[in-house]
Amino acid sequence: MFREAGMQPVKHELTPAEKEKVTKAFKLLPPLHQHILKGHLLSISFMDHMPNTALTSPVDSVGGKKMFNITFRASLLNENISQWATWKEKSCFIPAADSSYSLHVEGGNMDAIIYVLLHEATHVVDAVTNITPHPDNASAVVEPTPFTKDIWRLMNKPAEPYIDSLLETRFRSGKPVSISLAPDVYAKLSKTPFPSLYATAAWFEDIAELLSIYHMTNKLKQPFYIVVTKDNSEVARFEPMKNELARQRLGQLATFYKP
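At position 162 of the sequence shown the residue is numbered 162 (this note's numbering), and the sequence of numbers has no breaks.
Note that these hints are calculated values from the structure, not bench results. Treat each hint with caution, since some may be false.
[Stated by the list, open to error] With a cut-off of at most 25 Å between alpha-carbon atoms, the simulated DMTMM-like pairs for lysine to aspartate or glutamate come out as follows:
no.: 1; residue 1: Lys21; residue 2: Asp60
no.: 2; residue 1: Lys191; residue 2: Glu106
no.: 3; residue 1: Lys21; residue 2: Asp98
[Claimed, not checked] Simulated DEER-style distance windows between Cβ atoms:
no.: 4; residue 1: Lys191; residue 2: Ala254; range: 23 to 33 Å
no.: 5; residue 1: Lys188; residue 2: Pro144; range: 30 to 40 Å
no.: 6; residue 1: Ser99; residue 2: Asn69; range: 36 to 46 Å
no.: 7; residue 1: Leu250; residue 2: Ala187; range: 29 to 39 Å
All values derive from a computational prediction rather than experimental measurement. The C-beta atom is built at its ideal place from N, Cα and C for all residues, glycine as well.
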């Protein structure tokens with residue numbers, strides 16, 4: 001797929017130190033993830049020169065069971081969560097639009113692979129347990145699940161109260177916006193039940209982001225917040241787990257922690 005897009009990804013062979021990081025990341029997953037992955041994760045792989053962070057892909061079923069592969073960008077193994085999350089969040093904005101603004105995600109110093117594996121593994125859990133609906137067509141109107149009810153209208157369209165032009169960032173529209181709009185963007189995001197801008201992309205990203213940020217902050221005791229500065233002074237801060245509308249959804253995550 002990447003080669004067809006004109007890229008040249010190559011398989012990355014893990015070093016012993018890198019293997020240790022991956023092993024640690026698996027051990028830190030919630031109980032439901034551990035259980036589901038044992039039956040449904042066929043393989044993981046790492047690539048150099050991969051354009052995005054990770055990709056979870058269905059593969060041929062084994063014995064009638066849904067099976068998946070997760071592919072990771074190998075350079076991720078050299079980053080911590082703050083570094084990786086800041087890079088990803090900055091991709092929503094055009095920095096040159098106003099050089100007085102800056103953005104940083106404080107996500108702690110744990111390995112980035114811990115967060116990314118958590119996010120991608122949640123896609124596998126979701127696909128197996130149907131936390132969100134899985135229509136064949138993104139525009140299909142389907143029966144909501146408890147997680148999507150009153151929050152999502154279609155797979156990639158939030159319910160009317162949570163649609164706003166300020167939230168049409170790269171993760172929804174494909175186009176970055178001026179970084180000078182960042183304070184207004186996060187002010188608007190704080191009035192929605194979404195834990196991140198990436199969560200607004202589709203309901204399956206919503207559950208993956210909500211679970212990942214909750215697990216990192218509440219279970220692994222790491223920080224997670226976004227700070228926007230202008231001339232080195234803070235002008236906006238978005239902390240997902242202090243957002244009341246997002247917090248109202250946390251009860252739905254209990255199923256991930258049942259032994």
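How the hints compare with the structure:
Taken as a hint, the Lys21 and Asp60 pair is broken in the structure, with Cα atoms around 28 Å apart against an allowance of 25 Å. For the hint pairing Lys191 with Glu106, the CA-to-CA distance comes to about 21 Å; that is within 25 Å, so the pair holds. Restraint check: the Cα-Cα separation between Lys21 and Asp98 comes to about 38 Å, which exceeds 25 Å; the hinted pair is violated. Between Lys191 and Ala254 the beta carbon distance is about 25 Å. The supplied range of 23 to 33 Å therefore holds.
Distance hint check: the CB atoms of Lys188 and Pro144 are about 23 Å apart, inconsistent with the given range 30 to 40 Å. The supplied range of 36 to 46 Å is met by Ser99 and Asn69, whose beta-carbon atoms lie about 41 Å from each other. In this structure the hint that Leu250 and Ala187 lie 29 to 39 Å apart at CB is violated, the actual value being about 22 Å.
Checked against the numbered hints above, the structure breaks hints 1, 3, 5 and 7 and satisfies the rest.
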